[in-house]
Amino acid sequence: MSAQDSNLSSTGFDYVVAVTQDSINSTLAEYLYAGLPEAILCYVYQGDQPVPIDFATFVAGAENTDPFTVPDGTPSSDARVQNLDNANFAFAVKAKLGLPPGIDPSSLPPIVVLKPGQSNVTYTLMFAEFVATELLYGPHDSMTWFNQAQPSGTSWTFSGAVDLDFRDTSFTSLPPDAQSRLKGIGDPDMFGVQQLYYDLNSSDLEQGFQFDNQPSNSVLNAFMTSDFIDTYWKALGGGEVLGYTAKQVTDTSPSSIAVTDVNFFTPDAVGTENAPLTLNYLCATNYDQLPDTTHAGFGWNWIEPGEVSQYDGVAALNRNTFANYLINFYNGNQTLSEYISCNCLTGDVTLVCDSPNVTYNFNLFYSNPTITFPASGSTIISVAFGSTASDECGGPVLGGKMELNSTYDFSVSVQENLMIISQHLVIYTYIRHAGSGAGGNIVDKAITDVYSMGVDDTGSIVVSPPDSNVVDNSQTPGQNGFLNWFTGVNQLLDYTKQYTQGCYATAMTDIPASFVENFVFPGGSTFSFSDAAFSDNQDLVSHITYADPSQ
Numbered sequence: 002m003s004a005q006d007s008n009l010s011s012t013g014f015d016y017v018v019a020v021t022q023d024s025i026n027s028t029l030a031e032y033l034y035a036g037l038p039e040a041i042l043c044y045v046y047q048g049d050q051p052v053p054i055d056f057a058t059f060v061a062g063a064e065n066t067d068p069f070t071v072p073d074g075t076p077s078s079d080a081r082v083q084n085l086d087n088a089n090f091a092f093a094v095k096a097k098l099g100l101p102p103g104i105d106p107s108s109l110p111p112i113v114v115l116k117p118g119q120s121n122v123t124y125t126l127m128f129a130e131f132v133a134t135e136l137l138y139g140p141h142d143s144m145t146w147f148n149q150a151q152p153s154g155t156s157w158t159f160s161g162a163v164d165l166d167f168r169d170t171s172f173t174s175l176p177p178d179a180q181s182r183l184k185g186i187g188d189p190d191m192f193g194v195q196q197l198y199y200d201l202n203s204s205d206l207e208q209g210f211q212f213d214n215q216p217s218n219s220v221l222n223a224f225m226t227s228d229f230i231d232t233y234w235k236a237l238g239g240g241e242v243l244g245y246t247a248k249q250v251t252d253t254s255p256s257s258i259a260v261t262d263v264n265f266f267t268p269d270a271v272g273t274e275n276a277p278l279t280l281n282y283l284c285a286t287n288y289d290q291l292p293d294t295t296h297a298g299f300g301w302n303w304i305e306p307g308e309v310s311q312y313d314g315v316a317a318l319n320r321n322t323f324a325n326y327l328i329n330f331y332n333g334n335q336t337l338s339e340y341i342s343c344n345c346l347t348g349d350v351t352l353v354c355d356s357p358n359v360t361y362n363f364n365l366f367y368s369n370p371t372i373t374f375p376a377s378g379s380t381i382i383s384v385a386f387g388s389t390a391s392d393e394c395g396g397p398v399l400g401g402k403m404e405l406n407s408t409y410d411f412s413v414s415v416q417e418n419l420m421i422i423s424q425h426l427v428i429y430t431y432i433r434h435a436g437s438g439a440g441g442n443i444v445d446k447a448i449t450d451v452y453s454m455g456v457d458d459t460g461s462i463v464v465s466p467p468d469s470n471v472v473d474n475s476q477t478p479g480q481n482g483f484l485n486w487f488t489g490v491n492q493l494l495d496y497t498k499q500y501t502q503g504c505y506a507t508a509m510t511d512i513p514a515s516f517v518e519n520f521v522f523p524g525g526s527t528f529s530f531s532d533a534a535f536s537d538n539q540d541l542v543s544h545i546t547y548a549d550p551s552q
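Following the working numbering, the numbering of the sequence shown begins with 2 at its first residue and continues without gaps.
Be careful, since some hints might not be right.
[Unchecked claim] DEER-style ranges, computed between Cβ atoms:
# : residue 1 : residue 2 : range
1 : S107      : E130      : 35 to 45 Å
2 : G187      : Y431      : 35 to 45 Å
3 : G307      : V52       : 52 to 62 Å
4 : N369      : G187      : 43 to 53 Å
5 : Y34       : Q311      : 20 to 30 Å
6 : G307      : A35       : 49 to 59 Å
7 : T261      : E130      : 35 to 45 Å
8 : M144      : H296      : 22 to 32 Å
9 : S181      : Y138      : 36 to 46 Å
Quick caveat, the hints were computed from the structure, so don't treat them as lab data. Ideal Cβ placement from N, Cα and C applies to all residues, glycine included.
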């Protein structure tokens, strides 16, 4: 079972981006290679509670004693320790998140560990630099000076669980602006590692973090396990330092479909071949309702073991979401639904007898047909329109009769990397006059356009010129004796052609490629897209690879 089995219409999700654990970690490691800005957090006692203080202000008030320059184990009688004590020093931390120096990145623990069947992940912070100082107070007014730095070639880790379920109360109880920032809706880089890193570092979503390199039962250790992350990011100015407000790549087109809600989930791997786990961005578009994660046990693997060296993941678009995009896309002239309406013609016929004369009045009007989106099968859009109109007056000899019937069939079918657009317009008329009558299809035209589809690396669909087949069996008055005697048929023919030509320069034309090739996958500023094809259940699927996270 692979992405070829994608069947999002059975789950209700409009769009899914699935990325492997290894790709997340390698891309995060690349992003963090240069490290993030350094922050210094300093606390003093107010009563028996530590409160933050500006570091420079503290040093000035402690007789210019910089706690980071006081060696570990310095006796309490030392003037520098006395200065810190007199200034009510509690602890200070100098930290810079990133990859620890002197260690092969491949030997580091994974930054993110996915948990199958959950939205929780295990997240491990690492430091490019970390120094912690604390004045520990003991019995009988004793003091112990603590000053430890992460040695080169050693990784101090800070790990715990992060709940990425945006339906959980830990998320829904947040203020709306905080929820919006965590989801990143509207940000072109919402699927990027910068946004994911911001979410992982949100103290609102974290649970049970442990830091094992500080003295147990100390004020510093309590701070590290409960307040460090939130305080660190506030000191750096929040998510902006992570590139959360990353600007869109200039040569990347905006996505064609607006993602309006998102949640995370890691489905179970299917089969026994050690398929990689994937973190799934479960997306709703155009303000559709987002199903809960119980619908995300997909039953197929997005990436198979043999694909992990080629791709980081998969982007998949629900067949119904793609069909709705096609039918409503405006290509500069009209939407596809408007084009269809131009070929759905309802007739109106009225005859007036004033013996021995018969007046034939007829008209054609554009109609709005029922457009269906089949739930299964290769056809994703279907129209079957029909209209009949007739009138008669007088008797069978001196009177007259006229019928004006129209049918229009339209469909979009997909398979593999092909899109087939078929349409067939028939306009039939029958006229009886002075006891004689005849009829035929004054328009009988079928067009089949076959497009080969691909995708460029920014997620824009590219299509080949269509392979078109046109069959025109229209009958012309005056040929083969068809209504040759009724001069009004020329008027009818011209009038009908006027309506069938009303939307384009030619009657019922090939569907312009612009209806297809203007589609852009969401995520084009984050991923390089490798291919585009339809699954066995007609979802539009593309393999993806993370773009350079530093761009």
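Evaluated hints:
Roughly 21 Å separates the CB atoms of S107 and E130, a value that falls outside the hinted 35 to 45 Å. In this structure the hint that G187 and Y431 lie 35 to 45 Å apart at CB is violated, the actual value being about 57 Å. Checking the proposed 52 to 62 Å range against G307 and V52 shows it holds: the Cβ atoms sit about 56 Å from each other. Range check, N369 to G187: about 33 Å between beta-carbon atoms, so the 43 to 53 Å window is missed.
Taken as a hint, the range 20 to 30 Å holds for the pair Y34 and Q311, whose Cβ atoms sit roughly 23 Å apart. Taking 49 to 59 Å as the suggested C-beta distance range, the pair G307 and A35 does not conform, at roughly 33 Å. Here the CB-CB span from T261 to E130 is close to 40 Å, well matched to the stated 35 to 45 Å. Checking the proposed 22 to 32 Å range against M144 and H296 shows it is violated: the Cβ atoms sit about 58 Å from each other.
The beta-carbon spacing between S181 and Y138, approximately 44 Å, falls within the hinted interval of 36 to 46 Å.
Violated hints for the displayed structure, listed by number in ascending order: 1, 2, 4, 6 and 8.
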